[in-house]
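Assemble the whole structure, with the sequences as input and the hints as a guide.
Once you know that position 70 of the sequence shown is 70 in the UniProt record's numbering, the rest is easy, because the numbers rise by one and skip nothing.
It is worth saying that the hints were derived from the structure and are not from the lab. Treat each hint with caution, since some may be false.
With beta-carbon atoms standing in for the labels, derived distance ranges [claimed, not checked]:
{"hint": "1", "residue 1": "V87", "residue 2": "V11", "range": "16 to 26 Å"}
{"hint": "2", "residue 1": "R74", "residue 2": "R48", "range": "11 to 21 Å"}
{"hint": "3", "residue 1": "V93", "residue 2": "G13", "range": "35 to 45 Å"}
{"hint": "4", "residue 1": "P71", "residue 2": "G95", "range": "33 to 43 Å"}
{"hint": "5", "residue 1": "G78", "residue 2": "D56", "range": "19 to 29 Å"}
{"hint": "6", "residue 1": "A17", "residue 2": "G95", "range": "34 to 44 Å"}
{"hint": "7", "residue 1": "E24", "residue 2": "G95", "range": "32 to 42 Å"}
{"hint": "8", "residue 1": "E44", "residue 2": "P79", "range": "23 to 33 Å"}
{"hint": "9", "residue 1": "A17", "residue 2": "V93", "range": "33 to 43 Å"}
{"hint": "10", "residue 1": "G95", "residue 2": "E68", "range": "32 to 42 Å"}
{"hint": "11", "residue 1": "T30", "residue 2": "P79", "range": "18 to 28 Å"}
{"hint": "12", "residue 1": "V87", "residue 2": "P46", "range": "14 to 24 Å"}
For glycine and all other residues, C-beta sits at the position ideal for the given N, C-alpha and C.
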Amino acid sequence: MALEIALIDVVAGQEEAFEAAYREARRQLTAAGALSIRMTRGIETPTRFVLLVEWDSVETHEAFRAGEGFPIWRGLIGPHFANAPHVEHFNDVEG
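Given below as structure tokens:
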């Protein structure tokens with residue numbers, strides 16, 4: 001399993017529009033096989049959002065990015081970005 005974490009900064013004043021676009025766009029992640037999806041919003045920095053998506057693998061996420069759903073996803077939320085999101089993948093540490 002791979003956890004995608006994306007740090008997203010949104011243009012000030014567009015936070016609510018971004019949230020509405022995300023609610024519509026998240027269907028693309030579900031259709032692509034995302035196991036779980038969570039978007040959080042900063043308290044101290046309300047223009048900062050963190051997206052957490054669990055995928056079967058990094059390859060599953062990469063297949064989404066290469067597929068037909070990604071342009072729809074990006075077309076809905078991308079216009080609200082203040083800059084390009086920072087995206088990384090993480091694995092659980094077994095304890």
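Now the hints, each set against the structure:
no.: 1; hint: V87 x V11: 16 to 26 Å; result: holds, 19 Å
no.: 2; hint: R74 x R48: 11 to 21 Å; result: holds, 19 Å
no.: 3; hint: V93 x G13: 35 to 45 Å; result: holds, 39 Å
no.: 4; hint: P71 x G95: 33 to 43 Å; result: holds, 39 Å
no.: 5; hint: G78 x D56: 19 to 29 Å; result: holds, 25 Å
no.: 6; hint: A17 x G95: 34 to 44 Å; result: holds, 40 Å
no.: 7; hint: E24 x G95: 32 to 42 Å; result: holds, 38 Å
no.: 8; hint: E44 x P79: 23 to 33 Å; result: holds, 25 Å
no.: 9; hint: A17 x V93: 33 to 43 Å; result: holds, 37 Å
no.: 10; hint: G95 x E68: 32 to 42 Å; result: holds, 39 Å
no.: 11; hint: T30 x P79: 18 to 28 Å; result: holds, 21 Å
no.: 12; hint: V87 x P46: 14 to 24 Å; result: holds, 21 Å
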